[in-house]
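Those sequence lines, one after another, are chains A and B. For the first sequence, the numbering used here gives the first residue as 22, with consecutive numbering after it. For the second sequence, the numbering used here gives the first residue as 22, with consecutive numbering after it.
Everything labelled a hint here was simulated from the structure, so no lab data went into it. For clarity, every value in this text was computed on a predicted model and none was experimentally measured. Treat the hints with care, as some may be off.
The list makes no distinction among identical chains, and a pair is therefore deemed to hold if it is satisfied within one copy or across any two copies.
[What the hints assert, rightly or not] No farther apart than 20 Å at their CA atoms in a straight line, the calculated lysine to any residue pairs in the SDA-like style are these: (1) Lys99 x Ala129; (2) Lys30 x Trp46; (3) Lys126 x Asn330; (4) Lys247 x Ser300; (5) Lys99 x Arg60; (6) Lys247 x Val350.
Number of protein chains: 2
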Amino acid sequence: MKSLEWRDKALVILDQTRLPLEEVWLELRTPEEVAEAIRSMRVRGAPLLGAVAAYGLALAALRSGAEDPQALLSDLKKAAELIRATRPTAVNLFWAIDRVLRAAKEAAASGQDVEGVRSAVVSEANRIAEEDVALNKRIGQHGQALVPDEATVLTHCNAGALATVGYGTALGVIRAAVEAGKEVRVIATETRPLLQGARLTAYELLKDGIPVVLITDNMVGYVMAKGMVDLVVVGADRIVRDGVFNKIGTYTIAVLAREHGVPFYVAAPTSTLDLTRSSQEVVIEERSPEEVTHVRGVRIAPEGVEVLNPAFDFTPMRYVTAIITEDGVFTPEELLAYYG
Amino acid sequence: MKSLEWRDKALVILDQTRLPLEEVWLELRTPEEVAEAIRSMRVRGAPLLGAVAAYGLALAALRSGAEDPQALLSDLKKAAELIRATRPTAVNLFWAIDRVLRAAKEAAASGQDVEGVRSAVVSEANRIAEEDVALNKRIGQHGQALVPDEATVLTHCNAGALATVGYGTALGVIRAAVEAGKEVRVIATETRPLLQGARLTAYELLKDGIPVVLITDNMVGYVMAKGMVDLVVVGADRIVRDGVFNKIGTYTIAVLAREHGVPFYVAAPTSTLDLTRSSQEVVIEERSPEEVTHVRGVRIAPEGVEVLNPAFDFTPMRYVTAIITEDGVFTPEELLAYYG
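All chains should be modelled from the sequences, with the hints used to inform the complete structure.
Structure (C-alpha cells):
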C-alpha cells in the first residue's frame, strides 16, 4: 500500500478523507495545494507529513521563476513558512522542512547554480521519502520481537502505511510480526472525531488480510478488563523529554493499559524525537468544532453546543513501557540516555 | 422536559432516535409496538424502560379480549414475555413488569372482575411513572450535596429526563445543584456508538440553559489530566453486589477518574438494584455491528470489518466513590449493608 507518489512535477497523494469508501488520488502541483491537503487532513500521520512537506518544497523549487540561488532560497523560505503554519504538533513536518532547506543552502554554498539547487531540493525530498519506508521496516523488526507468537494488539488512530510513506510504524510492528509467522489479531479503536481507526487502519489491515476487530474508543476499558489485549502499540506525533504527544485518546488508552498490566509501546522514527523540549513547550492543535458535532457531514449534536476538540493529547513517560525507533527498543530512561 | 405521556388508550413517546434534529412523538397502541420501540431504542434509559414496559402491559390489558381475570392474566404474561425479551441488561424493565403482574394477580386474587384487574394494571403503570419523577427529585436532593458551589461535572450517555419519566438521575443531581444556586458546568461525552451524550444530554441541558461542553469519548483522559473535572456522575442499568452495569464506556471513565483522584458517583433509583446477583450472572447485550460501522446511517468503516458492540460494561465497586439513591448517599459497603 502506498500513500504518495512523486511524478516529475507533481506530488500524487491518496486523499485519505475519502477512505474507505473511495480511493481518490489527487495531483498537487503547488506548495499552496500541499498546505491545503495537510490542513484538510487529506494526508496525515507524522512521518507522512514530513515527506509531503518536503515534496511541498520540491514543488516550490520547480515552480519558482528564480534565476539565481539566493532568489530560489528566498522562495523556498516562503513556501516553508506556508507549510509550517498548517499544523503545529507533529514535529516531523518541521524536521523535514529544515532538512530540505539545509540541503538547498548547502548546494548554494557549494557554488551550485539555480538548477543545481533545484535538483538538490528534489533529491532531498526523494531521500526523505525513501528513507521513511526503510526506517519503518527497521522499526518493525525491532518491535516485532516484543509481540508474542499469538497476540492481540490494540492500536489507536492510524500509524500504518497511510500515516507514512509505506509500511507504517505501529502497523509496521504488526506487519513485521505477521511476516515473522506470528498469529496477530488487531483491535482498532475507531478514533473519533476523524475516525482514522475505522476508516484507515481497518481498511489497511483488511487489504493486507490481517485480522482486525473495530471498537469504539470507549470500549478500550471493556476489552482490557476482559483480558482481550496482550499489548498496545501506537505511533507518535512528537516525543519530548517527559512523554509522548499522539492522537487524542492515546493517553486514555495508556492509563487503561497500566491499570490492566498491558504493555504500552510507542513506535516512531527518530525524526519524531524532540528531546530538547518538554511537554509545556508544545502547542496542542485545536481543530474545528464541526469535527465533533458532525460525522462525515451529518450533524449529530444540537446547534449551539460548545465543543472541545484537541487533536492530540500528552502521555507522560511513566505510562510508556518502551519506545521503538529504527535503532532499537528503549525504555523512557534509555531513550533519553541514548538520544538526549 | 417529558419523555412520555399516557393518553387513555395510547402511550405517547418522544422518539429519541430522531433527537436532536427532530422532535417526533409516536403513539404506541399495542405491546408489540412497545417492544419494537424498546428494541430500536426509541425509548432508552433504565428508569424510562421500567415505565414504558409497565405501560406496555397496560396496553395489553386494555386490548385483551379476555372475559375473565384468569384469561386476562394469561394475556398479560404473554405480553410480559414479549417485552422482557427486548433488552437483557437493564433490571428496571424486569422489576416494572413483575410489579405490574403482581398488581394484576392481587386484584384477581382479591375477587376483582376482569375490568377491575384491567384497571389495577393501568393504575400500577401510572403509579410507576409518577413515582419515578418523585424518586429522581429525591436522588437529586441527596446528590446535589456532593456538588461543590462551583463545579464541572462529567457525565456519560444520557441519565437525564430523557432516560427517565422526568428530571433524570445523574442529570437530576445536576439539576438539583443548579436549583440550589450552584454554578455547574457539564462535560458530556458523546457516547458512541449511539451518541446519547451528543444527541440527548447536550439537547436536554441546552434546553434547560445549563452550560454543557461536548467531547468525544476518548477526550476523557485529556480533560481529567488538565484538571477540568471535579466529579463524575453517571446513571446505571443494573447495580449488583460487586459493581455497576452501565452504558459502554462507563468503566473506562471510572478507571480514569480514580487515576486522577476525581470522585465517581452513580445515581440510580433502588429499582436498579439487583444485589442478590453478582456480575457473573448478568448478560451484557451485544447489539448490531451496524451501530459501530455506521453513524446516523452513514458508513464510516470498510465493508467486511469485524466489530465488537457490547451495549454495557461493568465497573467494579472499587472504582465507585458512592451510589446515590432516593434514600441517600451510600459507599458500596454501606449500600450492601442497607439494602443487601
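Cross-check of the supplied hints:
1. Lys99 x Ala129: within (17 Å within a copy, 88 Å between copies)
2. Lys30 x Trp46: So Lys30 and Trp46 pass the 20 Å test inside one copy only (15 Å; across, 59 Å).
3. Lys126 x Asn330: neither (39 Å within a copy, 55 Å between copies)
4. Lys247 x Ser300: between (33 Å within a copy, 13 Å between copies)
5. Lys99 x Arg60: within (17 Å within a copy, 59 Å between copies)
6. Lys247 x Val350: neither (28 Å within a copy, 30 Å between copies)
Hints 3, 6 from the list above are not met by this structure, while the remaining hints are.
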